[in-house]
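Here is how the chains run, residue by residue.
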Amino acid sequence: MSDRTGVVYDLGYKPYEGERLGRAGAIKAMIKDGLRRSFGIRRKARKKVYPWSMVSIALLPAIVFVGLAFAIGTLSPDAESPWGGHPQYIGLVGTIIILFVASAAPNLLIPDREDGVLAVYSSRPMTAWDYILGRVGALAGVASAFFLIGNIIMYIGFAALDDDGLASALIGNLDDFVKILLTMVAYVVGYGAPALLISTYAKRVGPAAGIYLAVIFLSAPFAEMFRALDFAGSRYGTLISLLQHPEVVRNWVFGESQSNTPLIAVGFEPWVSAVIIGIIGVATMYLMSRRYRREL
Amino acid sequence: MTVNPALVDDPTVEVTGVSKWFGQKVAVSDVTCSFGPGLTGLLGPNGAGKTTLLRMLTGLTLPSQGEVLVKGVLPRAKVERYRDIGFVPEESALYNTLTARDYVAYAATLTGLSDPGAAADRALETVELTDDAGREVGGFSKGMRQRTKVAAALVHDPEILVLDEPLNGTDPVQRAHLIKLFADLSAHGRTVIVSSHVLQEVERMTDRVIAIVDGKLAAAGDISAIRRAMSDIPYRVMVECDKPRDLAAALLLHNDAVSSVNITRDLIHLETTDLAALGTAVARQARALDVRLSKFAPVDESLESVFRYLVGGR
Numbered sequence: 001m002s003d004r005t006g007v008v009y010d011l012g013y014k015p016y017e018g019e020r021l022g023r024a025g026a027i028k029a030m031i032k033d034g035l036r037r038s039f040g041i042r043r044k045a046r047k048k049v050y051p052w053s054m055v056s057i058a059l060l061p062a063i064v065f066v067g068l069a070f071a072i073g074t075l076s077p078d079a080e081s082p083w084g085g086h087p088q089y090i091g092l093v094g095t096i097i098i099l100f101v102a103s104a105a106p107n108l109l110i111p112d113r114e115d116g117v118l119a120v121y122s123s124r125p126m127t128a129w130d131y132i133l134g135r136v137g138a139l140a141g142v143a144s145a146f147f148l149i150g151n152i153i154m155y156i157g158f159a160a161l162d163d164d165g166l167a168s169a170l171i172g173n174l175d176d177f178v179k180i181l182l183t184m185v186a187y188v189v190g191y192g193a194p195a196l197l198i199s200t201y202a203k204r205v206g207p208a209a210g211i212y213l214a215v216i217f218l219s220a221p222f223a224e225m226f227r228a229l230d231f232a233g234s235r236y237g238t239l240i241s242l243l244q245h246p247e248v249v250r251n252w253v254f255g256e257s258q259s260n261t262p263l264i265a266v267g268f269e270p271w272v273s274a275v276i277i278g279i280i281g282v283a284t285m286y287l288m289s290r291r292y293r294r295e296l
Numbered sequence: 001m002t003v004n005p006a007l008v009d010d011p012t013v014e015v016t017g018v019s020k021w022f023g024q025k026v027a028v029s030d031v032t033c034s035f036g037p038g039l040t041g042l043l044g045p046n047g048a049g050k051t052t053l054l055r056m057l058t059g060l061t062l063p064s065q066g067e068v069l070v071k072g073v074l075p076r077a078k079v080e081r082y083r084d085i086g087f088v089p090e091e092s093a094l095y096n097t098l099t100a101r102d103y104v105a106y107a108a109t110l111t112g113l114s115d116p117g118a119a120a121d122r123a124l125e126t127v128e129l130t131d132d133a134g135r136e137v138g139g140f141s142k143g144m145r146q147r148t149k150v151a152a153a154l155v156h157d158p159e160i161l162v163l164d165e166p167l168n169g170t171d172p173v174q175r176a177h178l179i180k181l182f183a184d185l186s187a188h189g190r191t192v193i194v195s196s197h198v199l200q201e202v203e204r205m206t207d208r209v210i211a212i213v214d215g216k217l218a219a220a221g222d223i224s225a226i227r228r229a230m231s232d233i234p235y236r237v238m239v240e241c242d243k244p245r246d247l248a249a250a251l252l253l254h255n256d257a258v259s260s261v262n263i264t265r266d267l268i269h270l271e272t273t274d275l276a277a278l279g280t281a282v283a284r285q286a287r288a289l290d291v292r293l294s295k296f297a298p299v300d301e302s303l304e305s306v307f308r309y310l311v312g313g314r
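Protein chains in written order, with this note's numbering: chain A, 1 to 296; chain B, 1 to 314.
The hints are simulated quantities; they were obtained by calculation from the structure and are not laboratory data.
Glycine is no exception: its CB is placed at the ideal position from the N, C-alpha and C atoms.
It is possible that part of the hints are untrue.
[Stated by the list, open to error] Label pairs and their calculated CB-CB ranges: (1) B:Asn168 <-> A:Lys44: 51 to 59 Å; (2) A:Lys44 <-> B:Glu67: 45 to 53 Å; (3) A:Gly255 <-> B:Ala118: 39 to 47 Å; (4) A:Arg204 <-> B:Ser64: 26 to 34 Å; (5) B:Gly169 <-> A:Ala45: 37 to 45 Å; (6) A:Ala265 <-> B:Gln24: 30 to 38 Å; (7) B:Thr273 <-> A:Pro207: 54 to 62 Å; (8) B:Thr130 <-> A:Ile152: 39 to 47 Å; (9) A:Arg46 <-> B:Lys78: 41 to 49 Å; (10) A:Arg204 <-> B:Pro172: 55 to 63 Å.
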């Protein structure tokens with residue numbers, strides 16, 4: 001007779017015995033998840049097409065600007081680049097940010113509500129504010145990345161071409177970098193907050209993106225219309241231009257001409273745009289907290 | 001000693017006079033019950049208020065009236081309490097573009113686990129999804145999606161597990177495995193609350209049930225006692241045959257279990273308190289009278305009907 005032995009292993013429940021972290025870890029995880037979702041990281045190839053096309057389009061002008069500055073500097077050392085610097089690049093990348101945010105914000109917020117995934121968050125040790133911070137942080141991170149990467153390429157590229165050398169130019173042009181950061185806040189809040197607000201109340205991703213693009217892009221012609229009208233208080237109508245407030249702040253910060261902007265043409269100071277962006281940001285956070293305190 | 005079968009001696013979840021209404025609709029009405037270590041089945045027909053009650057137990061929905069305490073505190077008043085709670089919602093609650101492993105690991109991170117990957121692997125192994133852990137949840141069958149949700153609820157090793165229809169869409173093998181898992185968890189001192197509208201499923205899991213009908217506490221306690229209470233209510237049975245009048249007359253003459261008869265064309269509608277005895281009698285009389293039977297079916301044995309009777313009979 002063979003001396004065989006046997007054992008039956010317990011495949012039942014195995015408890016977790018590791019360390020437990022605080023709520024900050026949950027917010028960080030949400031931001032990471034939002035960035036991955038927005039850029040299609042760890043998703044199928046078709047999910048990567050739109051975000052990475054946008055990234056390519058956003059970076060291309062920065063590379064072209066630096067390349068042209070290099071070419072012009074080589075051929076004619078005293079000439080200035082006719083294509084401009086950071087303000088002009090920001091003008092181009094602003095449109096890309098709008099297009100990207102139009103897709104990213106609804107995709108961050110709406111599926112959570114409509115597919116019942118909010119229950120996953122509300123049954124975890126986190127508050128409604130933690131959820132909002134996680135989602136807002138992700139969108140801010142996405143928009144900031146769009147804004148910053150091209151500007152950093154240009155900042156380093158221009159410094160490398162500087163006669164004083166890379167290191168001293170990087171330090172000497174720090175005021176430009178501060179201007180970039182200030183403008184970034186205006187663009188991220190000015191274009192990101194309305195997208196979040198619309199996505200907080202919309203029920204479907206497509207319509208939310210469409211409404212956002214319509215609101216942003218149609219606000220400028222409406223502002224022009226108010227500039228052309230001549231009745232008491234019509235000048236205040238120019239303030240509805242959500243498209244132009246970040247641009248006004250950019251021109252203000254970089255000392256560029258403001259003459260073509262309706263709200264400046266009717267006599268408003270540039271700081272009014274900064275205040276309006278701040279109000280939009282605060283109002284968005286308030287309304288999101290009201291909405292999500294009911295849901296979470 | 002507890003005399004109210006809706007209450008337990010060592011509760012981890014206490015529901016006291018809880019009501020919830022949405023506008024004019026009363027979803028839960030003045031429910032008082034408690035749950036402790038072990039497995040409790042929450043029974044009731046669709047729309048009875050089970051989901052609303054479970055959402056109130058986990059703090060996802062606030063009561064309009066009354067109070068729910070989890071380990072002595074209001075769950076939303078102290079969010080850290082959610083480390084002790086695992087919840088499987090009835091709705092989808094999944095990210096279709098994530099793999100099962102990424103989804104469960106994400107749930108682990110949200111709960112503050114320092115090694116979410118390892119915890120996710122362990123939870124997925126527990127629900128037998130290891131082989132499919134790298135697949136996107138969007139391509140899963142309903143049963144696999146349910147098991148992913150169970151894994152996400154288990155990943156942080158909660159003391160209290162609240163499961164809303166967790167066996168929906170699972171095949172018999174998966175169902176048996178999950179039922180064993182829930183039994184294991186309750187045997188290890190966890191409070192496991194499982195809702196289902198299928199009586200047989202609950203019966204396989206536990207003896208203790210809380211039954212909700214129309215938002216009210218309809219029955220509570222030992223399942224066999226509730227089943228006995230249900231069998232006191234007459235069953236309605238439909239018999240289809242070629243000689244309905246002859247068969248009906250014979251059944252009325254020879255069977256005490258038949259309490260009422262109604263004939264329409266070739267159908268006999270009967271009421272009985274003893275379904276088994278009626279079945280035997282119908283077969284015997286059909287053979288004796290040379291009646292050709294084509295159908296014998298209870299028409300109101302769904303749980304919803306039985307519960308409606310239970311409430312109506314009070």
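Outcome of the hint check:
| no. | hint | result |
| --- | --- | --- |
| 1 | B:Asn168 <-> A:Lys44: 51 to 59 Å | violated (27 Å) |
| 2 | A:Lys44 <-> B:Glu67: 45 to 53 Å | holds (47 Å) |
| 3 | A:Gly255 <-> B:Ala118: 39 to 47 Å | violated (55 Å) |
| 4 | A:Arg204 <-> B:Ser64: 26 to 34 Å | holds (30 Å) |
| 5 | B:Gly169 <-> A:Ala45: 37 to 45 Å | violated (30 Å) |
| 6 | A:Ala265 <-> B:Gln24: 30 to 38 Å | violated (54 Å) |
| 7 | B:Thr273 <-> A:Pro207: 54 to 62 Å | holds (57 Å) |
| 8 | B:Thr130 <-> A:Ile152: 39 to 47 Å | holds (43 Å) |
| 9 | A:Arg46 <-> B:Lys78: 41 to 49 Å | holds (43 Å) |
| 10 | A:Arg204 <-> B:Pro172: 55 to 63 Å | violated (37 Å) |
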